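Trainee: What follows is the residue order along each chain.
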Amino acid sequence: VNTTEVSGDFGAIVFTDIVGFTRFNDVEGDDVAVALLERQEAVVRTALPDCGRLVTEIGDGLLLWYTDAAAALLSCFEMQRGFEEESAHGLPLWVRMGVHWGCPRWRADDIVGRDVNLASRIADLAGAGEILCSDAVVGAVRQPDEVSFESLGPVFVKGIADPIQLHRASRIAAQVGSP
Amino acid sequence: MPDVSRLVVTSRSADVHVVATDAGSLAVQGAGLDVLPDGTARITSRPGDKKVSVACATGSDVTVATSSGDVVLEGSLGSVMVSTLSGKVCVERAVRLEVRSGSGKVEIDTCAEACIVRTASGRLSVGRATKLEVAGVSGRVDVADVDVANVRVVSAKVAVGTGAGGDVNVHTVSGAVDVTVPKGCCPNTDLVSLTGRSTCDCPEGDDAQIAVRSATGKVRVRHR
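Sequences listed follow chains Y and U, in order.
Using the numbering used here, you'd call the opening residue of the first sequence number 1 and step up by one each time.
Using the numbering used here, you'd call the opening residue of the second sequence number 180 and step up by one each time.
Isolated chain Y, as found in the complex (with noise of 0.2 Å):
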């Protein structure tokens, strides 16, 4: 029986969709759209820092944890980039990602609560290939050089009530000649 624990450690919840999914299986059958799915796995798991982790799979979409801001945004960058790569070779693999900072509930190895929802939510939002995060995650950034933040203002989102607000995460691009 699992139980579900307060750890109080607060962390970056990451989610990812498949943008369109669920048309692409229709369109290209079963066997393209496992393979998708192992692409992304693939591309995730290539640039996940040791302070991440795959939680668990949820349909074409995947729930990941990391214990510092600053390096889950770097690793999405570098899954988005992943992405790009592996679309330019083949079917496109449009990948959005939702990021909230927050503190889930654990059950066992998954990870629950109002916090894993937002950031499913914020997921929702996003279109193919953009990375978009609350503002709990521009305040735990703790080393913003890498990384930058464009406001979009507050957005609804379903099942909450009040407005949050939204922001679109960026990569910096290291100047030429920095060390």
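Note that these hints are calculated values from the structure, not bench results.
It should be emphasised that the depicted structure is a prediction, and the values quoted were computed from it without experimental measurement.
You may find that some hints are simply not true.
Sample of chain Y residues with no beta-carbon within 12 Å of chain U, all distances over it, derived [said to hold, decoys possible]:
no. : residue
1   : G20
2   : T22
3   : D50
4   : C51
5   : E57
6   : D109
7   : D110
8   : D135
9   : E150
10  : G153
Listed below are the simulated DMTMM-like cross-link pairs for lysine to aspartate or glutamate, each with C-alpha atoms no more than 25 Å apart in a straight line [as the list claims (entries may be wrong)]:
no. : chain 1 : residue 1 : chain 2 : residue 2
11  : U       : K336      : Y       : D60
12  : U       : K267      : U       : D217
13  : U       : K267      : Y       : D68
14  : U       : K267      : Y       : D162
15  : U       : K397      : Y       : E86
A virtual CB, placed ideally from N, CA and C, is assigned to each residue, including glycine.
Take the given structure of chain Y and dock chain U to it, following the hints.
Mentor: Showing chain U alone in chain Y's frame:
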């Protein structure tokens, strides 16, 4: 009424109607108004409000968020951001625009600079845009006239019009793609349809750059 530099309107289900005029004064009906020290006017609908009406100065920056309310923005605005889960969106004229929409129809008349649209299943129509970026799932995308376009949709039918000097890039999984150029325009095309049919009815040249990639959709480039 104090001077405001930016409007932020939030409304769960009430429709939002913003009109920009040269008269310039801010007026709000059907919602609460709170002007922050930085000049931002925060306009929030109250329970029971059916419609939020806002008059503002031409060129104002506007952000609107609704859950199910429709959004209509009339007149010339500056930087505009609209998000809605299921409402319809109609924007007459903006300098910069970003729309995030779930299932509602999106209509954009003119956007002078960058225009970004994210849709899930609604129909998108754009009159004139300088630089357009669309990411969508299904529905239909109609763009009458664009200089630079980057469109990524899963199964939407896409129709894009461009002119000499245009640069159009469309990527779909299954939707048909139709790109039109003016008579006499000879575009440089890179058309790939893995299992569909791709045709260019125009003579090849270097007047415009058109790249279309589709897994199963039919691709056609032609004169209008």
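Trainee: Run the structure past the numbered hints and jot down the numbers of the failing ones, going up.
Mentor: 1, 2, 9, 10, 12 and 13
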